[in-house]
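*Asks:* From first to last, the protein sequence lines stand for chains R, W, V and Y. Heads up, the first sequence is in numbering that gives the first Met the number 0, so the first residue is 0 and it goes up one at a time. Heads up, the second sequence is in numbering that gives the first Met the number 0, so the first residue is 0 and it goes up one at a time. Heads up, the third sequence is in numbering that gives the first Met the number 0, so the first residue is 0 and it goes up one at a time. Heads up, the fourth sequence is in numbering that gives the first Met the number 0, so the first residue is 0 and it goes up one at a time.
Note that these hints are calculated values from the structure, not bench results. Don't take each hint at face value.
As the list makes no split between identical chains, a pair holds if one copy fits it or if it spans any two.
[Unchecked claim] BS3-like mimics (lysine-lysine), calculated; alpha carbons at most 27 Å apart, straight line:
| # | residue 1 | residue 2 |
| --- | --- | --- |
| 1 | 218 | 100 |
| 2 | 101 | 290 |
| 3 | 100 | 9 |
| 4 | 221 | 101 |
| 5 | 221 | 9 |
| 6 | 218 | 9 |
| 7 | 101 | 218 |
| 8 | 101 | 9 |
| 9 | 290 | 218 |
| 10 | 100 | 221 |
| 11 | 290 | 221 |
| 12 | 290 | 100 |
| 13 | 9 | 290 |
Number of protein chains: 4
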Amino acid sequence: MQLGLVGLGKMGFNMRERLRRGGHEVIGYDTRAEISDVSTLTALAESLSAPRIVWVMVPSGAITTETIRSLADVLSAGDLVIDGGNSRYTDDLPHAELLGKKGIGYVDAGVSGGVWGLTEGYGLMVGGSDEDVARAMPIFDTLRPEGALEDGFVHAGPVGAGHFTKMVHNGIEYALMTAYSEGYEMLAAEDLVRDPQAVIQAWSNGTVVRSWLQQLLAKALKEDPGLGGISGYTEDSGEGRWTVEEAIRLRVPVPTIAGSLFDRFRSRQDDSPTMKAVAALRNQFGGHSVKSSQ
Amino acid sequence: MQLGLVGLGKMGFNMRERLRRGGHEVIGYDTRAEISDVSTLTALAESLSAPRIVWVMVPSGAITTETIRSLADVLSAGDLVIDGGNSRYTDDLPHAELLGKKGIGYVDAGVSGGVWGLTEGYGLMVGGSDEDVARAMPIFDTLRPEGALEDGFVHAGPVGAGHFTKMVHNGIEYALMTAYSEGYEMLAAEDLVRDPQAVIQAWSNGTVVRSWLQQLLAKALKEDPGLGGISGYTEDSGEGRWTVEEAIRLRVPVPTIAGSLFDRFRSRQDDSPTMKAVAALRNQFGGHSVKSSQ
Amino acid sequence: MQLGLVGLGKMGFNMRERLRRGGHEVIGYDTRAEISDVSTLTALAESLSAPRIVWVMVPSGAITTETIRSLADVLSAGDLVIDGGNSRYTDDLPHAELLGKKGIGYVDAGVSGGVWGLTEGYGLMVGGSDEDVARAMPIFDTLRPEGALEDGFVHAGPVGAGHFTKMVHNGIEYALMTAYSEGYEMLAAEDLVRDPQAVIQAWSNGTVVRSWLQQLLAKALKEDPGLGGISGYTEDSGEGRWTVEEAIRLRVPVPTIAGSLFDRFRSRQDDSPTMKAVAALRNQFGGHSVKSSQ
Amino acid sequence: MQLGLVGLGKMGFNMRERLRRGGHEVIGYDTRAEISDVSTLTALAESLSAPRIVWVMVPSGAITTETIRSLADVLSAGDLVIDGGNSRYTDDLPHAELLGKKGIGYVDAGVSGGVWGLTEGYGLMVGGSDEDVARAMPIFDTLRPEGALEDGFVHAGPVGAGHFTKMVHNGIEYALMTAYSEGYEMLAAEDLVRDPQAVIQAWSNGTVVRSWLQQLLAKALKEDPGLGGISGYTEDSGEGRWTVEEAIRLRVPVPTIAGSLFDRFRSRQDDSPTMKAVAALRNQFGGHSVKSSQ
């Protein structure tokens, strides 16, 4: 089918390609003219036959909201907007209402898969009305991985449910990454273990811990044994923070997810103010020597 | 090849079967006569042609040590013992030395896969000399899953390295299980999400969190939506405790693994003494009402 | 000096008494007529000589905001409102602006001390302009404990700083309570220790861990050795949740505070959905038996 | 009374002084001749009138065990040895048995107070028989702080109970230090707060979190606002590690104590291998850029 795609970054660019390979007519818009198919959002709207479908794939927050507002201006009743970005699910209802006032439908789609999605497909979690989701189904069918529908796609609930489940997915992802990495650090610290990479590689088959992340860690260690070329400095893109905030709202204990988030905060500090205070306290009561900062 | 197998419990019984299907001659010994092929360890030794290989698959700790001691009596120089149980790796060197005094070789093998190993194969992590491991390789080749050798088998290092890496594997496993389960609790707590099972099922393909454990959780939730029939009471078999203890020895921070272990301890308490004290404190300074225990 | 006091609950009632003992003229208002000095907020305003000071001590959130709005109606330019409740500090600026439009000043005051404050004084952390704080200083001087000013009172910064620091105070309090309680549980679990209460009592003098909370725990254990009469069910009044949320905003790692908050969530669950899922997973891969829920 | 004191380090030196001020005759022995009262352990034994009391205050582990062994040689039946060092409580029974074979009594004494003990007294937790503890009571009475006996001294139980409770004391201490320090980091991160030191100082009176550690933190921040001169690198002396290990043995969940221990491990790493692996994973699946290590 025909669709517009706003945002041709790392994710959107590949999605345009995958959708085209799947036989869809995709008109992409990006502020970078050299990769954009049209020059403005208005031109995008005009190039699509009504009723239109427009997929939004831009940074979450202010830019997504601004894009939704602009689409409300250039689209018409009966059209459908899908937000496939990493928006906080609490943005979905306001976005849906904004579009709904003009009779435009709204679906939120959590998209997992990163740079591998082009060839392997994207795991999809969507929220919206049955009608809106059904309408976009041909697009979802092309984006999602091959195999059984229920293994790579879920209509999780009403508007917001897609991004909520994607957020939880990412919160889990944080903790999984920490779990494997703690184990890696132990393997690397123990003299008995000749090659941590070989151990983690061997977990690929038959073990309880086998997973895609386990295989990626084996791959990363193969490319850079000892990870000598990489710093522990780790950004976070928001979903982890939101997951902990929503867990607090829901009164759900999430110590491993929260701990993984805090580890990322810590990784970005030159020194830890908390530990400076601990060291200072230790010095105060015990006369324990402290290391001067340099 | 020919081998003896001591211990025909949940794991050993299936391994005998998988090895036989693979063309090996397995003589099994168990204290339960109805499933044992021979009546004593001595009879087991006599029924094998020297140089013998005997695989030990009994509960870790005292029973394994006792079995190793008995094998030292009935086996001869040039024979080989493989401990495939969940022994603490610190037991391996004493066991190897005990057998080594009689000229008997020793290999420690961490075995993952649980009840699925019979059909899917067992992930294997082994420790020992190159010579001893090479000698047992035909057995490992049958036990391990099909596919590339390095994806289901690793010779991790000298004696002890097999059980050490298996211990770390299980430590990671604890934290992975907690990570998915925290996410499940959030999905179950949020009204927007129609069916947590469908969400977790959909993560099977294309997502970053896809794994064997993720699929097992989807399966468990399909069998018992809401997990109404299961209690949160969770045992631990030792590897998690050992992982944290070894992490302390190695000065490796493992907050998610340790937290997962502590959650299991907590799950087995009727009420938490820690939280009783917290509630008592809160009552002391704030006059906050407390719940009486019943 | 003369002041109005809105809210005569557990905290406000005692504060009225302490202020009167200190020679202030306090006119209290509460919806419960039997303890109120006036019958309406309007009557309260009329009974005070301009420029007035009114201390608000009602539940945080909607009730505080509603009270501030009503005060904006009945007070006049030049008056001063102090919010001494446990408001989230993010409410302070809106409240200050609302009152500021009418020329009414605003100070936020974090108040610690609980039921002990009447006799021992209240620890005070306030936010506001130098002028407003100076004006209310006679009140603060009576409420705070005897001793050096800087040991029981701080003008922490502009509007909001008082409640922010009180929030952090309470976040720390959560973790301190958990720390002592984990230690108590260990003492109670170890046969060598004859009487955990006696140990904790003995920490009152000379030790590194001596504190008011340590003394309260000793007191609680003296009143109910073994804490047999108390449940671990523990409420939280909001500050702990806010502390973790603000830590996330500030990118400050707070694992012990967050863990203490999550322990409270867990304490209020009959069974843990997270642990039910962990037990279900363990059963899936290992054939480990599970406990049926009842 | 008369006693021998082995070990005149940071703790022992001050204890000799406090005991002498209390009217005891103390003969101190140390390998550093310039501060030692006698030249050998044998000379120490000879200079004391039987039945003798010898207090051992040397580094825990091998040095303490060696000292106990030497004392078994030079002392006689009816004498009494007190180990006041930071020994692991599991060393106490072997030490008691070693001495007991020669009819020498044994008491283990956990001593808290650090460099402040000379003037303020030491918090004491002791283990041993009623008879042995009674015999050493005049020494304990001088070492402990002034005030009620039960507030600075506890006979916690049989041999081992003193060091066990001291170990738990230190485990709690770790978590308390982290709790205050997390709060400090939040205060320092928030622009609204003018001076974290003033806030923490103000908690000294009337608040729920007032404690000796709180006062020490205020003092440390007064001496070095911002802690610019101190590194977060923090050693640990063993008790924290032992506390977590014993908690595992007792199946007691101690997430805040364990987390505080792990934070210290982390503070001593130039970069975190765990976080390097997390960053590598993030790069693998998301194409997220990583920071190169330098």
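*Asks:* Each hint needs a verdict: does it hold in this structure or not?
*Replies:* The hints, checked one at a time:
Within a single copy, residue 218 and residue 100 get their C-alpha atoms no closer than 49 Å, and across copies no closer than 41 Å, so neither meets the 27 Å cut-off. For the homomeric pair residue 101 and residue 290, neither the shortest alpha-carbon distance inside one copy (64 Å) nor that between copies (45 Å) is at most 27 Å. Taking the shortest alpha-carbon separations for residue 100 and residue 9, neither the intra-copy value of 32 Å nor the inter-copy value of 49 Å comes in at or below 27 Å. Taking identical chains as interchangeable, the C-alpha atoms of residue 221 and residue 101 are never at most 27 Å apart, the minima being 53 Å within one chain and 40 Å between chains.
Proximity of residue 221 to residue 9 under the C-alpha cut-off of 27 Å is restricted to the intra-copy arrangement: shortest distance 25 Å within a copy versus 36 Å between copies. In the homo-oligomer, the alpha carbons of residue 218 and residue 9 lie at most 27 Å apart inside one protomer (21 Å), although the nearest pairing across protomers, at 34 Å, exceeds that limit. Taking the closest pair of Cα atoms, residue 101 and residue 218 never come within 27 Å of each other, the shortest separation being 49 Å inside a single copy and 42 Å across copies. Taking CA atoms no more than 27 Å apart as the test, residue 101 paired with residue 9 passes in neither setting, with 31 Å inside one copy and 52 Å between copies.
Taking the shortest alpha-carbon separations for residue 290 and residue 218, only the inter-copy value of 18 Å comes in at or below 27 Å, while the best intra-copy value is 38 Å. Taking the shortest alpha-carbon separations for residue 100 and residue 221, neither the intra-copy value of 53 Å nor the inter-copy value of 39 Å comes in at or below 27 Å. Taking identical chains as interchangeable, the C-alpha atoms of residue 290 and residue 221 lie at most 27 Å apart only when they sit on different chains, with a minimum of 18 Å there against 36 Å within one chain. Taking the shortest Cα distances, residue 290 and residue 100 never come within 27 Å of each other, neither inside one copy (62 Å) nor across copies (45 Å).
With identical chains, the CA atoms of residue 9 and residue 290 are at most 27 Å apart between copies only, with a shortest distance of 19 Å across copies and 44 Å within one.
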